[in-house]
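From first to last, the protein sequence lines are chains A and B.
All the letters of the first sequence, read from the start, carry residue numbers 1 to 412 under the numbering used here.
All the letters of the second sequence, read from the start, carry residue numbers 1 to 412 under the numbering used here.
Since the hints were made in silico from the structure, they are not lab data.
Don't take each hint at face value.
Said to hold, decoys possible - Per the computed footprint, the stretches of chain B lying under chain A, defined by three or more beta-carbons under 8 Å from a beta-carbon of chain A, are:
{"hint": "1", "region": "39-50"}
{"hint": "2", "region": "88-102"}
{"hint": "3", "region": "128-138"}
{"hint": "4", "region": "226-232"}
{"hint": "5", "region": "263-274"}
{"hint": "6", "region": "284-292"}
Unchecked claim - Cβ-to-Cβ under 8 Å is the rule here; a few derived chain B residues that face chain A:
{"hint": "7", "residue": "Pro-28"}
{"hint": "8", "residue": "Trp-58"}
{"hint": "9", "residue": "Thr-60"}
{"hint": "10", "residue": "Leu-62"}
{"hint": "11", "residue": "Pro-250"}
{"hint": "12", "residue": "His-257"}
{"hint": "13", "residue": "Cys-278"}
{"hint": "14", "residue": "Asp-363"}
Glycine included, each C-beta is placed from N, C-alpha and C at the ideal position.
Protein chains: 2
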Amino acid sequence: MKIPSRSDVEALDRSDPLAPMRGRFHLPEGMIYLDGNSLGPMARSVPAAMDTTLREEWATGLISSWNNAGWWDLAITLGDRIGQLLGAQSGQIVVSDSTSVNLYKALHAALALRPDRNVILSEAESFPTDLYMIEGVLQACPGSECRLVDFSEPGLNDALDDQVAVVLLSNVNYRSGALLDMQAITRKAHEAGALVVWDLCHSAGVIPMELDAWDVDFAVGCTYKYLNGGPGSPSFIYAPKRLHDTIKQPLSGWWGHAAPFAFETGYRAASGVRAFLCGSQPILSMAALAAALGAYDGVELADIRTKSQELTGLFIELVAANCPSLGIASPCDGQVRGSQVALAHENGYAIIQAMIARGIVGDFRAPDILRFGFAPLYIRYVDVWDAADQLADILNTHEWREPRFQVRSEVT
Amino acid sequence: MKIPSRSDVEALDRSDPLAPMRGRFHLPEGMIYLDGNSLGPMARSVPAAMDTTLREEWATGLISSWNNAGWWDLAITLGDRIGQLLGAQSGQIVVSDSTSVNLYKALHAALALRPDRNVILSEAESFPTDLYMIEGVLQACPGSECRLVDFSEPGLNDALDDQVAVVLLSNVNYRSGALLDMQAITRKAHEAGALVVWDLCHSAGVIPMELDAWDVDFAVGCTYKYLNGGPGSPSFIYAPKRLHDTIKQPLSGWWGHAAPFAFETGYRAASGVRAFLCGSQPILSMAALAAALGAYDGVELADIRTKSQELTGLFIELVAANCPSLGIASPCDGQVRGSQVALAHENGYAIIQAMIARGIVGDFRAPDILRFGFAPLYIRYVDVWDAADQLADILNTHEWREPRFQVRSEVT
Numbered sequence: 001m002k003i004p005s006r007s008d009v010e011a012l013d014r015s016d017p018l019a020p021m022r023g024r025f026h027l028p029e030g031m032i033y034l035d036g037n038s039l040g041p042m043a044r045s046v047p048a049a050m051d052t053t054l055r056e057e058w059a060t061g062l063i064s065s066w067n068n069a070g071w072w073d074l075a076i077t078l079g080d081r082i083g084q085l086l087g088a089q090s091g092q093i094v095v096s097d098s099t100s101v102n103l104y105k106a107l108h109a110a111l112a113l114r115p116d117r118n119v120i121l122s123e124a125e126s127f128p129t130d131l132y133m134i135e136g137v138l139q140a141c142p143g144s145e146c147r148l149v150d151f152s153e154p155g156l157n158d159a160l161d162d163q164v165a166v167v168l169l170s171n172v173n174y175r176s177g178a179l180l181d182m183q184a185i186t187r188k189a190h191e192a193g194a195l196v197v198w199d200l201c202h203s204a205g206v207i208p209m210e211l212d213a214w215d216v217d218f219a220v221g222c223t224y225k226y227l228n229g230g231p232g233s234p235s236f237i238y239a240p241k242r243l244h245d246t247i248k249q250p251l252s253g254w255w256g257h258a259a260p261f262a263f264e265t266g267y268r269a270a271s272g273v274r275a276f277l278c279g280s281q282p283i284l285s286m287a288a289l290a291a292a293l294g295a296y297d298g299v300e301l302a303d304i305r306t307k308s309q310e311l312t313g314l315f316i317e318l319v320a321a322n323c324p325s326l327g328i329a330s331p332c333d334g335q336v337r338g339s340q341v342a343l344a345h346e347n348g349y350a351i352i353q354a355m356i357a358r359g360i361v362g363d364f365r366a367p368d369i370l371r372f373g374f375a376p377l378y379i380r381y382v383d384v385w386d387a388a389d390q391l392a393d394i395l396n397t398h399e400w401r402e403p404r405f406q407v408r409s410e411v412t
Numbered sequence: 001m002k003i004p005s006r007s008d009v010e011a012l013d014r015s016d017p018l019a020p021m022r023g024r025f026h027l028p029e030g031m032i033y034l035d036g037n038s039l040g041p042m043a044r045s046v047p048a049a050m051d052t053t054l055r056e057e058w059a060t061g062l063i064s065s066w067n068n069a070g071w072w073d074l075a076i077t078l079g080d081r082i083g084q085l086l087g088a089q090s091g092q093i094v095v096s097d098s099t100s101v102n103l104y105k106a107l108h109a110a111l112a113l114r115p116d117r118n119v120i121l122s123e124a125e126s127f128p129t130d131l132y133m134i135e136g137v138l139q140a141c142p143g144s145e146c147r148l149v150d151f152s153e154p155g156l157n158d159a160l161d162d163q164v165a166v167v168l169l170s171n172v173n174y175r176s177g178a179l180l181d182m183q184a185i186t187r188k189a190h191e192a193g194a195l196v197v198w199d200l201c202h203s204a205g206v207i208p209m210e211l212d213a214w215d216v217d218f219a220v221g222c223t224y225k226y227l228n229g230g231p232g233s234p235s236f237i238y239a240p241k242r243l244h245d246t247i248k249q250p251l252s253g254w255w256g257h258a259a260p261f262a263f264e265t266g267y268r269a270a271s272g273v274r275a276f277l278c279g280s281q282p283i284l285s286m287a288a289l290a291a292a293l294g295a296y297d298g299v300e301l302a303d304i305r306t307k308s309q310e311l312t313g314l315f316i317e318l319v320a321a322n323c324p325s326l327g328i329a330s331p332c333d334g335q336v337r338g339s340q341v342a343l344a345h346e347n348g349y350a351i352i353q354a355m356i357a358r359g360i361v362g363d364f365r366a367p368d369i370l371r372f373g374f375a376p377l378y379i380r381y382v383d384v385w386d387a388a389d390q391l392a393d394i395l396n397t398h399e400w401r402e403p404r405f406q407v408r409s410e411v412t
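Looking at chain A on its own, in the form it has when it is part of the complex (with noise of 0.2 Å):
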């Protein structure tokens, strides 16, 4: 099949029904953002928005804006335009606190519903952190132990015995960007017995899925990749509301409360997914979200994910065709691929740092990985074809091989 030319990717361009999209966001003259699956661009929006949260709110508004400018409610409000784009209806996510901090809490209340179960199943691929946070549930549960399968082989079958209280997975794979079928595991697990536990951090906003349609028990994602909620931005955290009365986990904080307000001794928690809150949230940081958020008004994501398989198959394609020394370390099916390519290359820092200093901006996984995110609200074709093209030229060239470039000094 003959290799699409630039004119040809251009083409597609002007044929795309999220090219309008790109608008909505600041991107860098000159720059080819390929990492708007670690940290999203900014909104245009946010600006302005924050200025009236600053100066309206807080300056003016003060301690009233807990109540007038709806504070108090953001974990929700923002939690329910979160799953709209989750498959959840509303009431059943809460915007708070870190990704670790909501593994910690959701792992907690599913180990809490299955008592006579002893095991957490994950993969060894995982994003470390889900890792470490299992180990820190661990320590709280005597008798309680991790076991990894690894996904690769038909390990999951195998695993799931009667010990298995709750299976945390990675809907995408954060180094590889391999798409599990959160369905099929999702019930597979529940036949077991088991509940599930979805890490969404690199398929929020890029991937459709059904939370409640596909009968998940928890969730929990981050909200500065594909989201654009800025650095750091606070996660989520999912419960159904058939698990709503269970809801029982160690953080329970005030926030949490049934009537935070009451200044009671006792606590007792709140009445749905609030059973999650634990204390006070960066409001600034949830304002710039909530803005974000803004950017997927009247899309689709049906059409997010047509452009996000079509974007990293071009990109996939042009490398295989030009760039014969990197590995092609994501699934080369786009149905079980994410929104992001991790190519392999063993002086892979360098290359990476190589595409910065050019103006395209990937990132680097140890030990071997370079990483691309492929933002379909914001990415066109050509700038695939064109990163594309200077990878070639710099594997070609043996830039990279350049001593600037070797340096590691990145701390991301």
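Keeping the supplied structure of chain A fixed, place chain B upon it in accordance with the hints.
Same frame as chain A, now just chain B:
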């Protein structure tokens, strides 16, 4: 003694060394804001700083700002700045998560250091979330229990037996404003073999203290009251260097890992106080806090304390003279009083509403407390005089009996 006249207190403002600091804050015209102990006002430096964070760091710097704009280290750099107000050398405080979550970490870390003991000692008059978080911690520690003492009686000595692992107390009581002797109680707890966790929410930034010199074990506090960080700005947690090798807490997320970007499968705690970090932090809220802390530049906490005692003392004096129907629920001895004054009245809610309608903002704490905070950086002596004068008038005219002031609607 003669009750001070308005012109008497105007003279106090003219000679107040902190008077110029008021200009550092945005304060609504015509409002006397006596609720900075709940939500501090916005420093005038915040909007410009936020604009820089949004447009230069996030929108333009994007992912590189984790390094280049110092986002990754904000938890530490903000902690160091706050440490200067608390008598803590650098590298011993991180800003992260909510106070409730940090209480959870600190209590776990303290319990882990006393495996042979099983009691958390606190007081019933604590801010409720402190007690709720104790409940959460106890869930994970079978056999442990909470014991509540009454500090209005000489309860601590009797209660400090050899089963007490950790004492959790508020330095300043959130309702009464009573100030506990941190140094003496810490010494007494240590003599009994217990550790201390201090809740500094109502004292940080307004009460001079020496966490290092007083041998405090752990401390937590919020940054949105006297530190003016903005609604829900993240909390801080302190641990002294002598305990850094021993920090063990179950919220073992990747930000607290020794090598967060090595993506190791197993958790290894970071050295130092970073072991208290868990997940990604809300950078925009932290940026506002960073700007707000500039309001403390060049300010001596001793001057703040002197003025604080004078402001609260003046308010008590005026209320006692002119509002005989109000009880004084705060200590009359300025040495053992924080920077707030609690008054008691069975119709406290309506009285507070009537005051707010006149532009004097305090808050109500059930069942009967009218609570007023006096932040010396921006409250003038004449504000105190006017607030007391208006309060007396509201009581004398029975204005608070108007139906519009009776309806309970606030969440805060």
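Which hints from the list above does the structure break, by number from lowest to highest?
none
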